[in-house]
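A.B. asks: So the sequence lines, in the order shown, correspond to chains U and F. Under the numbering used here, the first residue of the first sequence is numbered 1, with each subsequent residue one higher. Under the numbering used here, the first residue of the second sequence is numbered 339, with each subsequent residue one higher.
Treat each hint with caution, since some may be false.
Simulated crosslink set (DSSO-like; lysine-lysine; CA at most 27 angstroms straight-line) [as the list claims (entries may be wrong)]: (1) 587(F) x 183(U); (2) 135(U) x 587(F); (3) 135(U) x 206(U); (4) 222(U) x 392(F); (5) 76(U) x 32(U); (6) 241(U) x 392(F); (7) 134(U) x 587(F); (8) 132(U) x 169(U); (9) 183(U) x 671(F).
Chain U stretches covered by chain F per the calculated footprint, using a threshold of three residues with CB under 8 angstroms from any CB of chain F [claimed, not checked]: (10) 110-116; (11) 133-145; (12) 152-161; (13) 180-191; (14) 230-242.
If you want the ones that stay clear, here's a sample from chain F, every Cβ over 12 angstroms from chain U, calculated [as the list claims (entries may be wrong)]: (15) 359; (16) 374; (17) 502; (18) 574; (19) 636; (20) 639; (21) 711; (22) 717; (23) 722; (24) 731.
Hints were generated in silico from the structure; no laboratory data involved. Computed from a prediction, not measured in an experiment: that's the story for all the values here. Glycine included, every Cβ here is placed at the ideal spot set by N, Cα and C.
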Amino acid sequence: MKRVLSIWMAAVALGASATAADAALLDQVKQKGFIQCGVTQGLPGFSSPDDKGNWTGLDVDYCRAMAAAIFDDPSKVRFTPLTAKDRFTALQSGEIDVLSRNTTWTLSRDTSLGLNFAGIIYYDGQGFMIRKDKKVSSALELSGASICTQTGTTTELNVADFFRARNMKYEVVSFTTADETIKAYDAGRCDVFTSDVSQLYSMRLKLAKTGDHVVLPEIISKEPLGPLVRHGDDQWFDITKWVLFALINAEELNVTQKNLDEQGKSPNPELKRLLGTEGNFGEQLGLTRDWVVRIVKHVGNYGEIFERNVGASSPLGIERGLNRLWTKGGLQYAPPVR
Amino acid sequence: MAVAAEGSRRRRIGTIAADPRLRSFLLQLALLLLVVWLGWAFFDNARQNLANQKIATGFGFLSETAGFGVSQSLIPFAESSTYGRAFVVGLLNTLLVSGLGVVFATILGFAVGIARMSSNVLLARLAGAYVETLRNLPLLFQILFWYLAVLGTLPSPRASEPVLGSIYFTSRGILMPRLVLESGSAFVFAALALAIVAIVLLWQRTGRGGGVAATLIKGLASLALIVILPAIAFVAAGAPISLDLPELKGFNFVGGLRVNPEFLALLFALSTYTASFIAEIVRAGFLAVPRGQTEAAASLGLRRASTLRLIIAPQAMRLIVPPLTSQYLNLTKNSSLAAAIGYPDFFYVFAGTTLNQTGQAIEIIAVTMAVYLAISLVTSLLMNWYNRAVALKGA
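Excised from the complex, chain U in its bound form:
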């Protein structure tokens, strides 16, 4: 019933909220003193609360980086857990300032939903997870299978495309939350659990016996995940874009939490521009000159965030793969600060 209520409130908010004359979102955020950030209801590695209620994860750290850039304090974020189904309505209605919830960038979401994607924080693709004892080694052997998925996702559409294109039969059972989906899979309602591969690894941690389940090798879609904001505030959109670019640029120029002070003294002009000792790039965004210093000091660079939350040193142990920097054979590439 809470869900119904939130959609309702959003619909009412769209009708009743003041029109375009709203003050710039950056000023509003500064005035209220925190960023309202939409995240998942619990996806280990991306956004999940620990036993003390502190949120951690890749998507969470992005919001913390924004708070660091604006307030020089990564704790000035409040998190709103959202289902896949309710996330866009929450952003459209202004309930949250930024949505950082492993959301796939698609054309219709970018246009007719009235939203803007700030960039790609994680290059993902959709995959299938199945019990080992089913003895299936390829997604092409899944004809006739029952498939559990989450509603309101691109996943739900991709799986339909995949089976339709190959003329294979399937039964889809879709649930509202990731937890309901994995529970149904675990209970044997479905043969297969499908989602973005990163999510498969993450949800597998919630299963009783992690080793009993395998992720099939096929990747059936492109899932570029990134943070997004609503249309109509270009300054805020610029900040969300450049906070992400700053994280990637910091890794590329080898600025880490540890060597931040030394790198600040470097004569390298690229580093000087990034760290604000030369030029006023932060101010052009409406932030301070040392905005990147603040981000790296509190949150670290992109590589550090990745390793900490989903990389080899985390319980998920996901390879960097496509998410390596372009200089190392990956796709992560950010425009230069100049």
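Since the structure of chain U is provided, determine the placement of chain F on it from the hints.
C.D. replies: Below, chain F alone, put in the same frame as chain U:
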């Protein structure tokens, strides 16, 4: 002239203030205008906000391809079908589960309600325990109980054993043979109907009595009629009816008729939960009929069963029907809890998946409200019509 006109105008204003009917009419009109203006302001503001954020509006999305699959639909639905068709699929699923739910809840509710008034202490206590348990637990909990704790623990398709030939109870639902009707099957049904008519006539014409032998002969003749007539038609029409048996192939059963566990869990939970309320309504209705009615019937020499059927029930129904209507409406609206277990009801398919994929919250919420309102109003209309039929005439 000018002076006279001025005077009459004053009088007119005077009469408006003095005439209470006119005054109240004007006040009502002002209120109506205010409400209309508020509604318009809301609508206009929403439209402007949507335009500013460049969010798509209108109902054009209904004719676009949906692109998602649905686990249960009464009409053919493929991924290439439109959102409009998904709307119909969801609506039919809601009507199916609420329609069957209303029927089962009514039967069970009346049975439990009457059992609770029984002079058999065990039966009455059992019925009491049923009511007190089910109506005091949250419905969402009961839906999840049926789904996860009961149906979810059935064996997987590969591990399930057939019951009664080829009925399988699995965690993916209940599978049973499906009747496949081809052209010509109408003959068989016609023959069956003919046999039944013949049997009824046989028993009516010959009357009662005639001893055990006559009854035995008539019984045998009836049996022969009901077997042989349809059998002849079946052979003559070239075996137009066959059974499609469920068969395990790969991951799942293929063929047969499958009832999804999501549907069953929702139906069980809605029926048993609502039945506990109906039972109390029924009990209240029967107990509200004055005791003197029973005593009067007894003094006329009516048997107990006849008293119940002819005297008590008709009077009780008048009290039962109005609150019963509310329960039917509750059941229909509660069916939207389907979202918790992934049963593709109207709310889930339309206000859930479709809303998310198109992002058009205002249109979809408005349509969803209109649909539930329409279902509820139609239910009320039917029940009010029935209520008038059983109500005291001229009262």
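A.B. asks: Taking the hints in turn, state whether each one holds.
C.D. replies: Structure-based check of each hint:
Under the criterion of a C-alpha separation no larger than 27 angstroms, the hint pairing residue 587(F) with residue 183(U) is consistent with the structure, at around 25 angstroms. This hinted pair checks out: residue 135(U) and residue 587(F) have alpha carbons roughly 15 angstroms apart, not beyond 27 angstroms. Distance restraint check for residue 135(U) and residue 206(U): the Cα-Cα separation of roughly 22 angstroms lies within the 27 angstroms cut-off, and the hinted pair is therefore satisfied. Simply put, residue 222(U) and residue 392(F) have alpha-carbon atoms about 26 angstroms apart, close enough for the 27 angstroms limit, and the pair holds.
Among the hinted pairs, residue 76(U) with residue 32(U) is consistent with the structure: their alpha-carbon atoms are about 10 angstroms apart, no more than 27 angstroms. Distance restraint check for residue 241(U) and residue 392(F): the Cα-Cα separation of roughly 20 angstroms lies within the 27 angstroms cut-off, and the hinted pair is therefore satisfied. Between residue 134(U) and residue 587(F) the CA atoms are separated by roughly 13 angstroms; this keeps the pair inside 27 angstroms, and the hint holds. For the hint linking residue 132(U) to residue 169(U), the alpha-carbon distance of about 21 angstroms falls within 27 angstroms, and the restraint holds.
With a C-alpha separation of about 26 angstroms, the suggested pair residue 183(U) and residue 671(F) falls inside the 27 angstroms cut-off, and the hint holds. Counting residues of the segment 110-116 of chain U whose CB lies closer than 8 angstroms to any CB of chain F gives 4, so the stated coverage by that chain holds, three being the minimum. With 5 residues having a Cβ less than 8 angstroms from any Cβ of chain F, the segment 133-145 of chain U passes the three-residue criterion, so the hint holds. Residues of the segment 152-161 of chain U lying with their CB closer than 8 angstroms to a CB of chain F number 6, which satisfies the three-residue condition for coverage.
For a cut-off of 8 angstroms, the count of residues in the segment 180-191 of chain U with a CB near a CB of chain F stands at 7, and the three-residue condition holds. Coverage of the segment 230-242 of chain U by chain F holds [criterion: at least 3 residues with CB-CB distance below 8 angstroms; count 3]. At roughly 36 angstroms, the least C-beta separation between residue 359(F) and chain U is larger than 12 angstroms, which holds for a residue marked as non-interface. Residue-level check passed: residue 374(F) sits 15 angstroms from the nearest beta carbon of chain U, beyond 12 angstroms.
Residue-level check passed: residue 502(F) sits 23 angstroms from the nearest beta carbon of chain U, beyond 12 angstroms. With a minimum CB-CB distance of about 37 angstroms to chain U, residue 574(F) clears the 12 angstroms threshold, and the non-interface call stands. For residue 636(F), the non-interface assignment is confirmed: its Cβ lies about 50 angstroms from the closest Cβ of chain U, beyond the 12 angstroms cut-off. Interface exclusion of residue 639(F) from chain U stands, the closest Cβ pair being 55 angstroms apart, more than 12 angstroms.
Residue 711(F), annotated as away from the interface, keeps every beta carbon of chain U farther than 12 angstroms; the closest lies near 15 angstroms. Every Cβ of chain U is farther than 12 angstroms from the Cβ of residue 717(F); the closest lies at roughly 20 angstroms, confirming the non-interface assignment. With a cut of 12 angstroms on Cβ distances, residue 722(F) stays outside the contact zone with chain U, its closest approach being about 28 angstroms. Its beta-carbon lying about 43 angstroms from the closest one in chain U, residue 731(F) satisfies the requirement of being farther than 12 angstroms from that chain.
Violated hints: none; the structure is consistent with every hint.
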